[in-house]
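Read top to bottom, the protein sequences are chains A and B. Mapped onto the working numbering, the consecutive letters of the first sequence carry residue numbers 1 to 258. Mapped onto the working numbering, the consecutive letters of the second sequence carry residue numbers 1 to 300.
Read the hints as simulated data drawn from the structure, not as lab findings. From a predicted model like this one, the values you see are computed outputs, not experimental measurements. Check before you lean on any hint, since a few could be wrong.
[Stated by the list, open to error] Pair by pair, the computed Cβ-Cβ distance ranges are: (1) 160/A x 213/B: 50 to 58 Å; (2) 149/A x 259/B: 32 to 40 Å; (3) 229/A x 87/B: 28 to 36 Å; (4) 66/A x 89/B: 51 to 59 Å; (5) 170/B x 215/A: 54 to 62 Å.
Backbone N, C-alpha and C define an ideal beta-carbon position, used for all residues, glycine too.
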Amino acid sequence: MTNGTLRRRAAAAALIVLFFAAWEVACLMFGVSDLILPRPSQVFATLWTRMPVLWPHVVQTLSTTMVGFVLGVLLGVLLGALIGSSRIAYDTAYPLLIGFSSIPKVAVVPIFVLWFGSGTVPAVLTSLAICFFPIVVNIATGLATTEPELEDVLKALGATKFDILWNVGLPRTMPFFFASLKVAISYAFVGTVLSETVASNRGIGNVMITASSNFNTPLVFAGLFILAALGIALYAMFSLIEMRVTGWANRKADLIAT
Amino acid sequence: MSTALARDAAVLDGARVPATGMPNGMLPEQTAVELSDVSVTFGKGVHSVPALQPTKLRVPDGDFIALVGPSGCGKSTILKLVAGLIAPTSGVVLVGGREVSAKALRVGMAFQNPTLLPWLTIEKNVMLPLKIVEPFRAQFRSQRNNSFRDKVHALLAQVGLSGFANHFPWQLSGGMLQRANLCRALIHEPRLLLLDEPFGALDQFTREELWVVLQDLWQVRRPTVLLVTHDLKEAGFLANRICVMSARPGRILADRDVTFKRPRTIANTFEPAFVTLNQELREMIVAARAPAPTGSMGGR
Ligand SMILES: Nc1ncnc2c1ncn2[C@@H]1O[C@H](COP(=O)(O)OP(=O)(O)OP(=O)(O)O)[C@@H](O)[C@H]1O
Ligand SMILES: [Mg+2]
């Protein structure tokens, strides 16, 4: 690790600490009631004391999100590959997809509940429905914009369509794919929590809605913190994988750092 | 325009005995590539660009042909036709006796702009054909590819790129990329080599070194070679036959046999006969750069 990246990380950490400190100080200075906005120290205290109770909900939300996300990725990659590798499919399916993606996803939760009852299933479906679109678009774009010159290299060797997809199309699409994964994982969380707040008796979303109706504001914020932490952790995980897999596409940072 | 017999005699003149038992000379009239009245027009309607006038070209197996001509005259187009990357607007392209399909003959192609895959190291890039083309493909799966790696490294060393096997394409200079690009065209020992200005980005000395490498390789393995070049000295040094093309839409104006003994040396290129050939070719191309006599859309 070089000096530059270390300094950047230190700066990022400092900013986070500063943010919480300012929040804490502002609450104390203006005497904000913890019913309105609890201090971070109160939120962390709540987190610590209530963790045993919160933990199953964390697991519930996380697993629901992951299932929805994985299904969304599978569906997204399949659809994206289909749309991206054929001009006709690209032209015909795109309007439908855009239409689908512009539906506010809150609107689909009641439909899923209607079909599957409340609980885990609509949560999985909602997170799937929200997160698969960016993946489709990115895979399709990556494949459709692959330079014909690169494909020609394999065509001249007599490669099959599958060879070309495997050796050129997919690797070339990887940077697009990972960019979309990072967006999709955040979306998947939104979907799960959305569905949990509306129609479930488990999960962080449900905890927050219950706590809010009991005016337990610190617990609501504790839920928010957990979601933020999970989001950051998963984002970081995919960034790490991304750097290993698609380092070739991100060499700018490299040049600056050295 | 030229007789196959005279050509074969020229080829065998001073040549080493081919190491691999090629059907060469023994079976007369083995044709590797044949273009019969092939023309190419890009695009449709008002935006159409005629790139190639109906062209005839027969390339016997194991021959070495250089294509020269003014820029934009359709030289790369001919190579892409033979590789099966574009379809002719009219006429037929036969490769290995069959209507063109890349599988008919083992083809190795070096594109004009080095097209190395940016996500693979130089080693993996050069190895790519072994992963695709039979019979290497089967071996690639079964045995872990240590012997293939040695093969790649040996080839890279020949073009002066040892030590760069694990670099990525963007870490190489233009000339180095072009050399790696050439390696990728050669690695699978193709029977048909399509080289599109493979030495264009190199300095004179590296270029001459690689001419010798390519000549040696051709004499040993005897692939059929179609070489596009702007360097007349290069054409004279390497080829058995030089085809001079007219300005766009291209057609073959002249088809010259080059009968200098092999192996040729760089010193040969300063001999009077060689210089005379160069001058003749030069005059033809200078004349060809003017609008083609029969092509109505040749000029502006
Ligand atoms: N994909 C394409 N679409 C439209 N026109 C093309 C295409 N490829 C080539 N052309 C046209 O065909 C003509 C011949 O192109 P080609 O690449 O074969 O030339 P070239 O002889 O290889 O030239 P150079 O020596 O500059 O490489 C050019 O005038 C070009 O405008
Ligand atoms: Mg060209």
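Would you say the C-beta atoms of residue 160/A and residue 213/B sit inside 50 to 58 Å of each other? Since the Cβ atoms of residue 160/A and residue 213/B sit about 32 Å apart, the hinted range of 50 to 58 Å is violated.
Is the hinted range of 28 to 36 Å satisfied by the C-beta distance from residue 229/A to residue 87/B? Violated: the Cβ-Cβ distance is about 57 Å, outside 28 to 36 Å.
Given the hint of 54 to 62 Å, is the C-beta distance from residue 170/B to residue 215/A inside that range or not? Because 59 Å falls inside the window, the suggested range holds.
Residue 66/A paired with residue 89/B, Cβ distance criterion 51 to 59 Å: holds, 54 Å
32 to 40 Å was suggested as the range; check whether the CB atoms of residue 149/A and residue 259/B agree with it. Taking Cβ atoms as reference, residue 149/A and residue 259/B lie about 37 Å apart, which means the hint holds.
Figure legend: structure checked against the earlier numbered hints; hints not met, in rising order: 1, 3.
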